[in-house]
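Protein chains in written order, with the working numbering: chain P, 2 to 338; chain Y, 173 to 642.
For the record, the hints were derived by calculation from the structure and aren't laboratory data. It cannot be assumed that every hint is accurate.
[Stated by the list, open to error] Straight-line Cα separation of at most 35 Å, DSBU-like style, residue types lysine-lysine; simulated pairs:
#	chain 1	residue 1	chain 2	residue 2
1	Y	Lys340	P	Lys230
2	P	Lys246	Y	Lys223
3	P	Lys304	Y	Lys426
4	P	Lys315	P	Lys246
5	Y	Lys432	P	Lys318
6	P	Lys215	P	Lys318
7	P	Lys273	Y	Lys474
8	P	Lys318	Y	Lys223
9	Y	Lys593	Y	Lys486
10	P	Lys304	P	Lys246
11	P	Lys318	P	Lys246
12	Y	Lys474	Y	Lys593
13	P	Lys304	P	Lys273
14	Y	Lys432	P	Lys230
15	P	Lys230	P	Lys315
16	P	Lys315	Y	Lys223
17	Y	Lys474	Y	Lys340
18	P	Lys273	P	Lys315
19	P	Lys215	P	Lys315
20	P	Lys246	P	Lys273
21	Y	Lys432	P	Lys315
22	Y	Lys223	Y	Lys340
23	P	Lys215	Y	Lys594
24	P	Lys318	P	Lys273
25	Y	Lys528	Y	Lys426
26	Y	Lys385	Y	Lys528
27	P	Lys246	P	Lys230
28	P	Lys273	Y	Lys432
29	Y	Lys594	P	Lys273
30	Y	Lys528	P	Lys230
31	Y	Lys223	Y	Lys385
32	Y	Lys528	P	Lys273
33	P	Lys230	Y	Lys474
34	Y	Lys474	P	Lys315
35	P	Lys304	P	Lys230
36	Y	Lys340	Y	Lys432
37	P	Lys318	Y	Lys426
38	Y	Lys593	P	Lys246
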Amino acid sequence: MSEPKPSTADILAKIRAQKTGAGGNAASEPVAATPAPATPPVEAQAAVAPPAAPVAKPKATPAAKPGSTSDILAAIRAAKGGGASATAATPSPAAQAAVPVAAAAKPAVASGAPKPSVEEMLNAVRGKAASAEVAATAPVAPAKPTLPPIPVKPPAAKDKKAAVGVDRRSFVAACFAPVVVGFSAMAATSLIWLLDLARFMFPNVLVEPPTAFKIGPPSDYPLGGVSTKWLAARGVWIVHTDQYKGRNLIYALASVCTHLGCTPNWLEGEQKYKCPCHGSGFYVNGINFEGPAPRPLERVGLKLAADGQLEVDKSVKFQEEMGQWEDSNSYVDGSLV
Amino acid sequence: MNSLPLITSWLSLGSLEPHPNVTPSVIFGLGWLYLILFCMNVAWTWRSYHKGHHIDLPAFAGGGHIPTAAVWATYSTVLMLVSVVHFSCASSPESFWLIMPDFAKTAVDAIVADARYFFAATTVGFFLMLLLREWLARPNIGWASLNLSLLFLTISMTDWDFRQIVGKPDNVPIVAMLFIVGFFTWVFFYRANENDRRAAQGRPPVEAENNEKVLTWPDLVYTEMICMIAATALLMLWGIALQAPLEEPASAVKTPNPSKAPWYFLGLQEMLVYYDPWLAGVVFPSVILGGMMAIPYIDFNKLGNGYYTFNERKFAITTFMFGFLPLWVGMIILGTFLRGPNWNVFGIYEFWDVHKLEALNNVNLSEYFWYGLGQPLPMAPAGSDFWTQAPYILAREAPGFLAIGFYLAALPGLMAGTIFKKFFIRMGFVRYMVFSNLVLMMAALPLKMVLRWAVNLKYFIAIPEWFFNV
Chain P
2 MSEPKPSTAD
12 ILAKIRAQKT
22 GAGGNAASEP
32 VAATPAPATP
42 PVEAQAAVAP
52 PAAPVAKPKA
62 TPAAKPGSTS
72 DILAAIRAAK
82 GGGASATAAT
92 PSPAAQAAVP
102 VAAAAKPAVA
112 SGAPKPSVEE
122 MLNAVRGKAA
132 SAEVAATAPV
142 APAKPTLPPI
152 PVKPPAAKDK
162 KAAVGVDRRS
172 FVAACFAPVV
182 VGFSAMAATS
192 LIWLLDLARF
202 MFPNVLVEPP
212 TAFKIGPPSD
222 YPLGGVSTKW
232 LAARGVWIVH
242 TDQYKGRNLI
252 YALASVCTHL
262 GCTPNWLEGE
272 QKYKCPCHGS
282 GFYVNGINFE
292 GPAPRPLERV
302 GLKLAADGQL
312 EVDKSVKFQE
322 EMGQWEDSNS
332 YVDGSLV
Chain Y
173 MNSLPLITSW
183 LSLGSLEPHP
193 NVTPSVIFGL
203 GWLYLILFCM
213 NVAWTWRSYH
223 KGHHIDLPAF
233 AGGGHIPTAA
243 VWATYSTVLM
253 LVSVVHFSCA
263 SSPESFWLIM
273 PDFAKTAVDA
283 IVADARYFFA
293 ATTVGFFLML
303 LLREWLARPN
313 IGWASLNLSL
323 LFLTISMTDW
333 DFRQIVGKPD
343 NVPIVAMLFI
353 VGFFTWVFFY
363 RANENDRRAA
373 QGRPPVEAEN
383 NEKVLTWPDL
393 VYTEMICMIA
403 ATALLMLWGI
413 ALQAPLEEPA
423 SAVKTPNPSK
433 APWYFLGLQE
443 MLVYYDPWLA
453 GVVFPSVILG
463 GMMAIPYIDF
473 NKLGNGYYTF
483 NERKFAITTF
493 MFGFLPLWVG
503 MIILGTFLRG
513 PNWNVFGIYE
523 FWDVHKLEAL
533 NNVNLSEYFW
543 YGLGQPLPMA
553 PAGSDFWTQA
563 PYILAREAPG
573 FLAIGFYLAA
583 LPGLMAGTIF
593 KKFFIRMGFV
603 RYMVFSNLVL
613 MMAALPLKMV
623 LRWAVNLKYF
633 IAIPEWFFNV
């Protein structure tokens, strides 16, 4: 294929250049269909095709210009530089070039325009230097005249489809096509599933301990101690310390590291909370001092209930960096002990 | 022979020492390990003998030649003797002398138990590897390195703490991975060196010269099938031999100590120690993934396509390998073998003491700046609303914003005029900015690590009020 030959685009461009406006469309259409057949397996078929061309269908568009075939031929000849050279006797370029001719020949025939015979066209395309083997295959070809109708099928199919589109009954039928039913069912199921999921987020009964719970009298929590009594069940430390701004306070710290939410360990000997995940450390009062934790542990609500017991309320949180530790709901006066 | 001393020694071992460094079963197992090492080296000796290489002795030693095979044969003999010693002395562990000496343990721990030294050692080791690649990639040197690392592993097994870390079923595949990483790094340098030598002589690379094609079926498919069967068999044996390290049922208020990510995420977990979760857990992983996808579009070097080479792609390979070896594999080693309870750093021969104290008082850049000026941190009056607070907070963190702004906005321009001048000219503005920002983001991790270890720097920008920390 190293030999330069006119590409389909070249041919089209030349034809278009020669044509003037409106009539050009119809004639160029069949030519546009040629790139697909131009593959090697079709080459042999193309060599066979010409004899069948005269059998072309009456359906073909009559708008084709009579001159179109000769236009193509002229363009090909021009591009081949006055016929194939002596060395260019290989059949493939010639046969390929014949394909547009064969396709374009049909409208020409249908319109009843003066038409060159197939042999003429082939010879014109191949030039005088066509090799003996190509010449040999050509006479054999007319023996099978039934091959070519293949290209005609698409327009027929298109017509049928167009007819379906306008029919009201077939519109209803299309609505019940398996693919439509299937996707509709899937969409409906997904929608129901999503609604169910949303409903799942609001359960009727929440099986978890109430957020407010009593933890006994303040005297259970002497000054300077961190109680881990409620850690396993409720996730809070009860701290009684005077290490925060020098005030004697009891408060409840949530056992959630402010870095990534692991549960730190209270290390009595070191007097600090130490997180096992990334090494964040907090002083006894909950203020962060080492590792990556960016802010102090959070307090949860604590108040003295009417019966003299301390009551923790985990539904509220108090963040030191937001100044919320000043809120009187976040601690109980430790001097009550 | 009276068996009473033996019995008493066993009893005393069991009752007095809860963490024995050596037990009869350990010594017996090590005997097998040395035997396997011996067999491996016999095979290597045989290979050496057929290759017929020689070692030139230095002038002061007489200057003659020694066959390489003789060296390996001697070494193999020693291994066999060591193996025999293990098998014959397994019954008296308290008097066993072929163990890791204490001074060596102390020396190794002094380096690895300090993250600064560990990181410095991996980085220096990485660049040494690049410098000595010609020498390291020789087959005999590669084999010697493998032997050294295996010997180190084997003799370290005589330490109780080391055994606990390395022998944990979680960690066994990581040990295997280290050897696999080492092997493939060696293969790369071996092939790259050969092609670099060829390039110096003006010859085409091996891949271009010997590009004999084979068929997909059966050559490739058979190879793949055999690999698949072998991998499946290995996984089955592994699943039978090593039990899954299952723990107690999970509890929201109880976190295992230490709590470790899967091994392939240990680099991320280590990153989380230095950067805020939104950066280390979201932005940086995305930048790593996006950056790797961007490499083909950033790269303008047409060389090294389809063959191994180092000299033709020095910058690209060094950058990638630095990100992979010291920053990713190195962090996996740090996370797996050195991080212990409370996420403290422990030596490989050190007992995992929950109460180990490490001073980690961290200080933000803003605190360094304002306290350094002798001023209190700018603070809004108590109880003020958001719009009153915002200017105070921004003023407080101004040094951090300036530092980050300089790093990501000004530094690319400065580098374009200096060290990356050629890159800038070849790449154009957009590609260069993508490239330089990716490089800077990659450098941000070691930079922050070093700053954390050196000056306890916590965050460049610390705005816990807005959940924004860098």
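Outcome of the hint check:
| no. | hint | in the structure |
| --- | --- | --- |
| 1 | Y:Lys340 / P:Lys230 | holds, 33 Å |
| 2 | P:Lys246 / Y:Lys223 | violated, 78 Å |
| 3 | P:Lys304 / Y:Lys426 | holds, 26 Å |
| 4 | P:Lys315 / P:Lys246 | holds, 24 Å |
| 5 | Y:Lys432 / P:Lys318 | holds, 29 Å |
| 6 | P:Lys215 / P:Lys318 | holds, 17 Å |
| 7 | P:Lys273 / Y:Lys474 | violated, 57 Å |
| 8 | P:Lys318 / Y:Lys223 | violated, 75 Å |
| 9 | Y:Lys593 / Y:Lys486 | holds, 16 Å |
| 10 | P:Lys304 / P:Lys246 | holds, 20 Å |
| 11 | P:Lys318 / P:Lys246 | holds, 20 Å |
| 12 | Y:Lys474 / Y:Lys593 | holds, 19 Å |
| 13 | P:Lys304 / P:Lys273 | holds, 25 Å |
| 14 | Y:Lys432 / P:Lys230 | holds, 26 Å |
| 15 | P:Lys230 / P:Lys315 | holds, 16 Å |
| 16 | P:Lys315 / Y:Lys223 | violated, 76 Å |
| 17 | Y:Lys474 / Y:Lys340 | violated, 46 Å |
| 18 | P:Lys273 / P:Lys315 | holds, 22 Å |
| 19 | P:Lys215 / P:Lys315 | holds, 11 Å |
| 20 | P:Lys246 / P:Lys273 | holds, 17 Å |
| 21 | Y:Lys432 / P:Lys315 | holds, 29 Å |
| 22 | Y:Lys223 / Y:Lys340 | violated, 40 Å |
| 23 | P:Lys215 / Y:Lys594 | violated, 71 Å |
| 24 | P:Lys318 / P:Lys273 | holds, 21 Å |
| 25 | Y:Lys528 / Y:Lys426 | holds, 20 Å |
| 26 | Y:Lys385 / Y:Lys528 | violated, 60 Å |
| 27 | P:Lys246 / P:Lys230 | holds, 25 Å |
| 28 | P:Lys273 / Y:Lys432 | holds, 21 Å |
| 29 | Y:Lys594 / P:Lys273 | violated, 53 Å |
| 30 | Y:Lys528 / P:Lys230 | holds, 25 Å |
| 31 | Y:Lys223 / Y:Lys385 | holds, 28 Å |
| 32 | Y:Lys528 / P:Lys273 | holds, 13 Å |
| 33 | P:Lys230 / Y:Lys474 | violated, 67 Å |
| 34 | Y:Lys474 / P:Lys315 | violated, 62 Å |
| 35 | P:Lys304 / P:Lys230 | holds, 18 Å |
| 36 | Y:Lys340 / Y:Lys432 | holds, 13 Å |
| 37 | P:Lys318 / Y:Lys426 | holds, 21 Å |
| 38 | Y:Lys593 / P:Lys246 | violated, 56 Å |
Hint check: violations occur at hints 2, 7, 8, 16, 17, 22, 23, 26, 29, 33, 34, 38; the rest are consistent with the structure.
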